[in-house]
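J.: This is what each chain is made of:
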Amino acid sequence: MTLATQPVTEIERSYWQRNQQTLAPWLFLMPAILFFAVYVIYPVFQSFNLSLYEWDGLGQAEYVGLRNYEDLYWEYVDRDSFYVSLKNNLIWLVLYLLAIPAGLFIALFLNQTVTGIRLYKSLFFFPFVISQVVVGLVFTWFYDPAFGILNVVLGWFGAGPVNILGSEGTVTYGIILAGLWPQTAYCMILYLTGLNAVNPEQIEAGRLDGAKGWRMLWHVVLPQLRPATFIAFVVTIIGALRSFDLISVMTSGGPFGSSKVLAYYMFEVSLSEYGFRMGYGAAIAVVLFAIMMIFITYFLWSMYREEKR
Amino acid sequence: MTSLKTTLAAALAGATMLAGTAFADGHAKLTGDLKIFSDMSNPAPRAVMEGMVARFGEMHPDLNIELTVIDREAYKTQIRNFLTADAPDVANWYAANRMRPYVDAGLFEDISDVWDEQMSTELASTKGAMTLDGKQWGVPYTYYQWGVYYRKDIYEELGLSEPSNWDEFKANCQAVIDSGKKCFTLGSKFLWTAAGWFDYLNMRTNGYDFHAALTNGEIEWTDDRVKATFANWRELLDMGAFIDDHTAYSWQESLPFMTNGDAAAILKGNFAVAPLREAGLDDSKLDFHQFPAINPDVALAEDAPTDTFHIPANASNKDNAKAFLKFVVSAENQTMINAGDALGQLPVNNKSSVDEDKFLLEGFEMLSSNSPGGVAQFFDRDAPAEMAKVAMEGFQEFMVKPDDIDRILGKLERARGRIYK
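So the protein lines, in turn, are chains A and B. Sequential numbering from 11 applies to the first sequence in our numbering. Sequential numbering from 94 applies to the second sequence in our numbering.
Just to be clear, a hint being listed does not mean it is correct.
Said to hold, decoys possible - Lysine to any residue pairs mimicking SDA-like chemistry, simulated, CA-CA at most 20 angstroms apart: (1) B/K169 - A/S282; (2) B/K263 - B/N388; (3) B/K169 - A/L107.
If you're looking for bench data, these hints aren't it; they were derived computationally from the structure.
Next comes chain A alone, as it looks inside the complex:
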């Protein structure tokens, strides 16, 4: 009996010893993989599945195939809410990127040694620290047609009151401007840390070769800031696509739904006061996921290429 068990334990022990090197990382990764799978991967597929159903979140779900997507398509054709949301998402994507050059120039401007520069830096960073809800409220008051400071100032120059958040033509731009305020601060911080890592010898060499101003910035400084630019690009794109809180606080998607974006529209049809269409919300989420996937794939691919080098 002892003879029979002995070799077995020996084999087991040696298996662990042989594979310790490969198994240990997986063991450490296990908790993260598990949570990621349960709370991210699984819900993603659940959403795909849910988008094929009609469900009010309470009763029985009814299988409807691709009808939710068909409805979205017709909403697109009819220039209805889905079309408006998609269009606004595009406007957000393009204009939100302005935060990157704005952040870069503020960073360049603040990247000097003057007394109290730390205070200025933290003041510029301030909007990113306060909650998006507060930013939204502040800008709502700023734009208010009756007492907002914007219209008070316009009044001094004899310009009539403008109803930025109340008219469909301007509302999205008004909200994006509010969003740019904290986003610019975020990009600024990314560039400030990047500027710390700029090699002074290269600057010196550039100067000796007669580079100044724009040429210095474009050919010497910016190439060294590439990692910072990449991160700023990633966070800004993702920030633009998931813009939700500002819209919710400032307009609730209004007036008559003209400031909705996909994320807000999804919330509205499935989770808001008047929404009971979980399946439809899931279908919108899938579309948003597909759009995000384009960017995420690009980011991952360029990161992979970077590492291979």
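Starting from the structure of chain A, add chain B where the hints point.
T.: Relative to the frame of chain A, chain B by itself:
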């Protein structure tokens, strides 16, 4: 020490049980727990709710009442979670179609047995609003009238009197506009305020039954009668009756236009009276009139939204909850919680007395004797939630772009085809 306490408590419990049998007429002492979730989060309603719980607690000292007050807007989305997962014994909600999703999903308890003969007579005016599929699903605790609240001093200054028909209504408005003011203030940012206008214009143009059928999805939005309603609305828009930029304001933010004297009136529920009074409009400056008839052939009907209490189907202390609901609708409690210094609204029990308040008395008078057509809840309670959302966006859009009416109605009609099945 603890053992002494428990014996004392036991002795007390025994005594109250004896007393309970002696006064068995609804005053039997309750024991156990009662968990209440309430959306009465504004200061005055909150005080009312806390007062009610305190008084009910005094009547039943051994009952452990746990009250959770949730922000009124947040409540509207949270209710779906807590009705399924962690249900309280009593929860606030709204009457009519607004309870439909929870009734259909079996999440509200059928409490037809609470509605005995006495209660059905005393609460006759709101019983219909609590009834779906022939059963009662909750009890009302308050309701309030809608109508035109106007600046009496401005009307007097311009020599105007309360209008009794559509032509007078428009003539008044024209006079106000000619004096450099706006007729009506409005804050349509959160959409439902515009639905108040639609309710009244449609009920006055086509009558209560048509309005009920429309919100029930039985009539096409592209129907000519609906267009007639919008044509009447358009007359007001073309006059410039409403304040500019109303899409940017909530209803609270629209009130200063009235208190400053830039607008002469507002179409609103009685809850607008409290903030208007606080802003300095006393009874010599603020008055009320019923929305006048437009089409003389249809009977007058009113909006009178009813707020309610329900018992979730998953509640664990249903008997205690039923006792609480009976207490809420009792004549005495109704008088107390709807008084001018409490909710300032109308009691649902006809044995209660209405507070000596100008607006409450006028509203009570109007609803009990001058609303022969019927009493509607409100657009977003009569129509299913999804339809309400789409339609109210349409109303707001129409107010900004009245020329696009055909496109907007087409959109509503498509939504109707999808939502009612």
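J.: Could you run down the list of hints and mark each one as holding or not?
T.: Results of checking the hints against the structure:
no.	hint	in the structure
1	B/K169 - A/S282	8 angstroms, holds
2	B/K263 - B/N388	14 angstroms, holds
3	B/K169 - A/L107	36 angstroms, violated
Violation of the numbered hints given earlier is confined to hint 3; every other hint is satisfied by the structure.
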